[in-house]
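Chemist: Protein sequence lines, in the order shown, are assigned to chains H and D. Per the numbering used here: the first sequence = residues 1 to 329. Per the numbering used here: the second sequence = residues 330 to 631.
Just so you know, the hints here were simulated from the structure itself, not pulled from any lab data. Since the model is a prediction, treat every value here as computed from it, not as a measurement. Hints should not be assumed to be uniformly reliable.
Just some of the chain D residues that point at chain H, by a computed CB distance under 10 Å [to be verified]:
1. Arg355
2. Thr404
3. Gly518
4. His522
5. Gly523
6. Pro536
7. Gln560
8. Leu599
9. Ser603
Backbone N, C-alpha and C fix where the C-beta goes; we use that ideal spot for every residue, glycine too.
Here is what each chain is made of, one letter per residue.
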Amino acid sequence: MKRRDFLLGALAAPAVAMVGGGFATSRWDRAAYRKRSESRVVVSRVDSYESPLVERIVEGVKLCGLSVTGRSVLLKPNLVEFDPQGVINTNPAVVAAAIEAFRRLDAREITVAEGPGHRRDNEYLLRASGLQSVLEQHRTRYVDLNSDDVSPLSLPSRFTRFGRLYFPQTVLKADLVVSMPKLKTHHWAGVTLSMKNMFGVIPGSIYGWPKNVLHWEGIDESIVDINSALSMPRFAIVDGIVGMEGNGPIQGTSKRAGVLIFGEDPVAVDATAARLMRIDPAKVKHLRAAGEFLGNIEREKIVQVGEPIEALAKDFQVISPFQHLKGTG
Amino acid sequence: MMLPAALQFLQKTQNADGGWGAAPSRQSNTEATALALLALTSWSEASAARIERGLQWLIELQNSDGSWPIHRGLTHGSWATAIATLALAGFDDHRAGAVKGARWLLRHRGRTLGWLASLAYRLIPEKMAVQLDPDLRAWSWTPDGFSWVEPTAYALVALKRLNADVGGSAGQHIREAERLLYDRMCSGGGWNHGNSNAYGVGIPPYPETTALALIALQDREAEPANRVSLQRLVTMLAEIESGLSLSWAVVCLSVRGQDVAYLQRRLVRLYARSGFLEETRVVALALLALSEQASPFRLVAS
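Construct the entire structure; sequences and hints are all you get.
Modeler: Next comes the structure, spelled out in structure tokens:
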């Protein structure tokens, strides 16, 4: 499929919003600027979900220099949909390990929260995905962000025309929000990682299932605006033990990458994750835009700890409209 | 078949303002309150005082244009208008408010994909990533949004219930929305949120949206698409392990006069296992699914 086909065929205008290329500059307030002089990202080789995940996550958090003592931590996995044959969601073993890891690190409170993008049947999704048994086993609270109480936030960037969006209070009240995406390619945005995963905090009760209003405003644009609005301390743990390539985020095929990626700068984490998929982050529209003011995508500004990218990088297939993203960046 | 614990839960979790939240201690919202009212009015054991307070919450929240926001603090009309309209339609004294809600629905349908997409679909349909009719309009989750299965199903039920009172363009819009549902049907029958395919690959249906669409299309039983989708739902039923999907399936089959006693027993067992995660709308739907009274979702005489 050629890029033109994609543009014409895209349901809902994400594609229309992308026609014409890059973002204009100065679309963010000075207060939204969060780039640091450098960002630390930890790449950890993890061969399987049977590996000692708790220890690896504790190690990853510590290597990032993050302190969680006494903080309320919100874990936001990717649970958009369930397919028994697929690898759509963050593996529940990783969520379970993160709960345990943050407990060991003396978090005051841990909540798992998600606003699934397609289905409203939470009981089904939680049980079928295996997350319910994790929640029960670890006695951890789950919040459906689609129906949580909400508060409006003015957006400090203006890539979309929203101006403001409603966010779940559970997210806004957390001391630390941990985005836990699956390492996946995406048929509208190129990749879906810790920044795109935050689509799940947008409440469906207001914006629908799917959260199509974000697509109309442009997926890349929405990703940037949502992430610029979430100014609380953030952390990311990317489940790349088994990822997804091709027609993601739902219908792609599994791809073993054997990696967990950690970091406090979601932009730097996603840039590193993209490189691990042999995708050039500077060619991913939302990463390029976020790299201007929300975080670092340049290699020289990312202090990488752990395994070198070259040792673990895998060639993730992308659908033809995104072939131009391929590269080492 | 009664589920006393569910009835007790629903009554106990009514907020002080008279409405219900999505879960206990959450802010009252229109969907949960409307479904709770539909559920409580289907059981004679329910407290009349609680029903009255819930009704007052719903009446007070209705906008002057006939719509309902999803909750207090928001003002714009929402997709939940259809469910609130349906709930209000059950009270003879408040039918005028329901008709007002129905008329708002007729004025606020979803958007098309626009002329450019429409042209592209006509000229090069094989190159479109998602196969659908871009010109059909029904109902959306958001004002001026694209049309999706669930809000369309709710609006269809409400409008079909009130069609005689609403008049005007109701019939025409109902027919178009029905066409949209059939257009969005998954290959082999059934519905998901509203995308039956992407990049040439079929996307499977969900039981809850399949049941909902079939409820909205129950007066179109001659359509082969209904038969194949009903069969798909029955197939999916074997795997359903959740209160929401099973409740909608029971309502879907019971409005068609089918024996659902075994499914109702399963629903009771499921409630004992999970309490339906204390989600108000699911508990309310289960109570509706268990009631012997005529369902508010029944559109044709049995």
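Chemist: Taking the closest Cβ pair, is Gly518 (chain D) under 10 Å from chain H?
Modeler: 18 Å, violated
Chemist: Report holds or violated for the interface hint on Thr404 (chain D), using the least CB-CB distance to chain H and a cut-off of 10 Å.
Modeler: Violated, because the Cβ-Cβ distance from Thr404 (chain D) to chain H comes to roughly 12 Å (cut-off 10 Å).
Chemist: Would the stated hint for Ser603 (chain D) survive a check requiring a Cβ distance to chain H of less than 10 Å?
Modeler: With a minimum Cβ separation of about 6 Å from chain H (threshold 10 Å), the hint on Ser603 (chain D) holds.
Chemist: Would you settle whether the hint for Gly523 (chain D) is holds or violated, based on the nearest Cβ-Cβ distance to chain H being less than 10 Å?
Modeler: Since chain H brings a Cβ to about 8 Å from Gly523 (chain D), closer than 10 Å, the hint holds.
Chemist: Do the numbers back the hint for Gln560 (chain D), that is, is its least Cβ distance to chain H under 10 Å?
Modeler: Not OK, violated: Gln560 (chain D) not within 10 Å of chain H, min 21 Å.
Chemist: With a cut-off of 10 Å on the beta carbons, see whether Arg355 (chain D) makes it to chain H.
Modeler: The hint holds - Arg355 (chain D) has a Cβ within 10 Å of chain H, the shortest such distance being about 6 Å.
Chemist: When the nearest CB of chain H is found for His522 (chain D), is that gap smaller than 10 Å?
Modeler: Holds - the Cβ of His522 (chain D) comes within 10 Å of chain H, reaching about 5 Å at its closest.
Chemist: Taking the closest Cβ pair, is Pro536 (chain D) under 10 Å from chain H?
Modeler: This hint holds: Pro536 (chain D) lies near chain H, its Cβ roughly 8 Å from the closest one there, short of 10 Å.
Chemist: Measuring from the C-beta of Leu599 (chain D) to each C-beta in chain H, is the shortest one below 10 Å?
Modeler: 8 Å, holds
Checked against the numbered hints above, the structure breaks hints 2, 3 and 7 and satisfies the rest.
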